[in-house]
Amino acid sequence: MRIEISYKFIIGFIIVVVSGILVNLVVPYIEGIEPEFRQLFSILCSLLVGLIIGSAFSRAFSGNIRRLTSAGDRIRQGDLSEDVKVGDSHFPDEISDLAKAMNQFQASLRSLVGDIRNIAFRVANSSQSLSGTSQEMSASAQEVARTTDQISKGAETQAEMVEESTRLFKEVAISIKLVASSAKAVADSADLTLETARSGSDMAGSSLDSIRQVLSEAESSGQQMVNFIAQLQKISKFVEVINGIAQKTNLLALNATIEAARAGEYGHGFAVVAEEIRKLADSSKTSADEITGLVESICKEGEQVQSSMAQVIDEMESGREADDRTNQAFSDITRNAEGTRSKASSIAELTEQQTSSAERITRAIDEIDRVVSDNAAATEQVSAATQEQSAAMEEMAQSVKELSNMSESMLQIVKQFKLVKDQD
Amino acid sequence: MALILTYSLGNDLYGLEIDAIQEIIENPVLHYVPRAEGVLTGSINFHGQILAVIDLPKLLGFAGNQRDHRHLVLTSEYRSLVFTTCGVERIVNLEMEFLQPPPDGHDRPAVRGIIDFNETTINLLDTDEVTKQLEDIFAE
Numbered sequence: 001m002r003i004e005i006s007y008k009f010i011i012g013f014i015i016v017v018v019s020g021i022l023v024n025l026v027v028p029y030i031e032g033i034e035p036e037f038r039q040l041f042s043i044l045c046s047l048l049v050g051l052i053i054g055s056a057f058s059r060a061f062s063g064n065i066r067r068l069t070s071a072g073d074r075i076r077q078g079d080l081s082e083d084v085k086v087g088d089s090h091f092p093d094e095i096s097d098l099a100k101a102m103n104q105f106q107a108s109l110r111s112l113v114g115d116i117r118n119i120a121f122r123v124a125n126s127s128q129s130l131s132g133t134s135q136e137m138s139a140s141a142q143e144v145a146r147t148t149d150q151i152s153k154g155a156e157t158q159a160e161m162v163e164e165s166t167r168l169f170k171e172v173a174i175s176i177k178l179v180a181s182s183a184k185a186v187a188d189s190a191d192l193t194l195e196t197a198r199s200g201s202d203m204a205g206s207s208l209d210s211i212r213q214v215l216s217e218a219e220s221s222g223q224q225m226v227n228f229i230a231q232l233q234k235i236s237k238f239v240e241v242i243n244g245i246a247q248k249t250n251l252l253a254l255n256a257t258i259e260a261a262r263a264g265e266y267g268h269g270f271a272v273v274a275e276e277i278r279k280l281a282d283s284s285k286t287s288a289d290e291i292t293g294l295v296e297s298i299c300k301e302g303e304q305v306q307s308s309m310a311q312v313i314d315e316m317e318s319g320r321e322a323d324d325r326t327n328q329a330f331s332d333i334t335r336n337a338e339g340t341r342s343k344a345s346s347i348a349e350l351t352e353q354q355t356s357s358a359e360r361i362t363r364a365i366d367e368i369d370r371v372v373s374d375n376a377a378a379t380e381q382v383s384a385a386t387q388e389q390s391a392a393m394e395e396m397a398q399s400v401k402e403l404s405n406m407s408e409s410m411l412q413i414v415k416q417f418k419l420v421k422d423q424d
Numbered sequence: 425m426a427l428i429l430t431y432s433l434g435n436d437l438y439g440l441e442i443d444a445i446q447e448i449i450e451n452p453v454l455h456y457v458p459r460a461e462g463v464l465t466g467s468i469n470f471h472g473q474i475l476a477v478i479d480l481p482k483l484l485g486f487a488g489n490q491r492d493h494r495h496l497v498l499t500s501e502y503r504s505l506v507f508t509t510c511g512v513e514r515i516v517n518l519e520m521e522f523l524q525p526p527p528d529g530h531d532r533p534a535v536r537g538i539i540d541f542n543e544t545t546i547n548l549l550d551t552d553e554v555t556k557q558l559e560d561i562f563a564e
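First to last, the protein sequences are chains B and Y. Its first residue numbered 1, the first sequence is counted upward by one per residue in my numbering. Its first residue numbered 425, the second sequence is counted upward by one per residue in my numbering.
I should point out that these hints are in silico values taken from the structure, not numbers from a laboratory. The hints are all genuine.
Capping the alpha-carbon separation at 25 Å, the derived lysine to aspartate or glutamate pairs in DMTMM-like fashion look like this:
| # | chain 1 | residue 1 | chain 2 | residue 2 |
| --- | --- | --- | --- | --- |
| 1 | B | 285 | Y | 492 |
| 2 | B | 285 | Y | 436 |
| 3 | B | 248 | Y | 443 |
| 4 | B | 248 | Y | 513 |
| 5 | Y | 556 | Y | 447 |
| 6 | B | 285 | Y | 450 |
Pairwise CB distance ranges, derived in the manner of DEER restraints:
| # | chain 1 | residue 1 | chain 2 | residue 2 | range |
| --- | --- | --- | --- | --- | --- |
| 7 | Y | 456 | B | 286 | 32 to 40 Å |
| 8 | Y | 425 | B | 294 | 36 to 44 Å |
| 9 | B | 307 | Y | 541 | 42 to 50 Å |
| 10 | Y | 493 | B | 287 | 20 to 28 Å |
| 11 | Y | 517 | B | 307 | 51 to 59 Å |
| 12 | Y | 488 | B | 294 | 28 to 36 Å |
| 13 | B | 286 | Y | 435 | 18 to 26 Å |
Here the structure is a predicted model, which means the values were calculated and not measured. Glycine included, C-beta positions come from ideal geometry on N, C-alpha and C.
Same shape as in the complex, but just chain B:
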């Protein structure tokens, strides 16, 4: 049964008053109390009852107030874990209402704080995952930026290589032109060689004829020399005969002298004649010896001439052979020069074809160069876009970080509230 405080005060007062009256009624029946003290006793009893009731009532009331105060204090400190409790009473009053209201307030506050905490948690979690995602995105953006950078560098290298290729190919084209001109020069040289070889061949032929003529003349000279030496040998034989005659004459002269000496005075003149004959024979012999010496030396010289002639003939023969070989060599040279000329001509044709191919290749390389330049420009644009994206991602990451910080601080704040009673 609900009794308001004011009524409780009134009831208490009534109880005191009633007890005082009852005591007054009871006292006269109580033995041992002097009549003169009966009034005092009844007052004392009334006072006592009043005191007991008053103290009980006020104690209960102030206890409840203290509890409420302490609960308010607790709530102020953020402890929402405990309900406000007032002393149990069979007669609830405004204090009980106040406690109930405070409990309701605390409950709603608790649910609010719990909701806030949950939301803050979720915000923190979301911001953390968002931060992770933004980091990943940032990393991806950086990766994209790096790749784009590489692509950009690759495009530059490609452009350089294409430029280098163009340059090299132009050199190749120049080389081909040089080869063409060299081939033409070779063909000209081959023509010249051909002409020279033909004239050389003609000259070799005419020199062969001359050599043959000289050779036949030399052979007839050699034959004449042989005849000459045979004649000399005949002379030598004649000289031998003369020599023999001179010796015989000498012997005859000697024997004549001997016979003359034997004839004595008569033989004197004969002896003189014999001596003269002997002298003539001697000088004949001397002359014959000289002739022999001359013939021998002429013979020797003739033999030398003959051997020289034979040598000359041999050399002529070998010259003729050499000339034959020369002729052969000239015809070889002619054939080779003709081959060289036809090969050089085919080289010239091939190099013309190569020149036109090289021009086409140069045009194709120029086209590639243009495409590569376009690619490089596009890659630079992509790179710029990627950089912008990366900057935006960084800004977003910054914002997410701020959001995370904010949710963290909110959680910190909400954590100051104690929603559940500690287990200990």
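Based on the hints, put chain Y in the right spot on chain B.
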């Protein structure tokens, strides 16, 4: 004055009076004589006479075997001996007053005397000595 036939023996010039010479013959047909001594080269037919051919250089002890194709046929006074010699070419006219005996130490064999002729020395052969030597040889 005497006529001397000159000839060579070894490196020396020898001489022989032509009074001792019958004839000078060339390339006679030489016949082999069996059991002949070393100096007896053989025999020749000289106008029907058989004459002994003496190797004079060998007899006088000259080295070398150079022999001329001319042979000297001596007169019958010298037993008609035939000498093989060398360099028989000349007969010279010499003054015999200038003949000198061989000086001491002159070791040429069978030299009767020496005489100068045109800056060379002619050794005059001692024919008697040669004959004596031959007699000594064939007497054995």
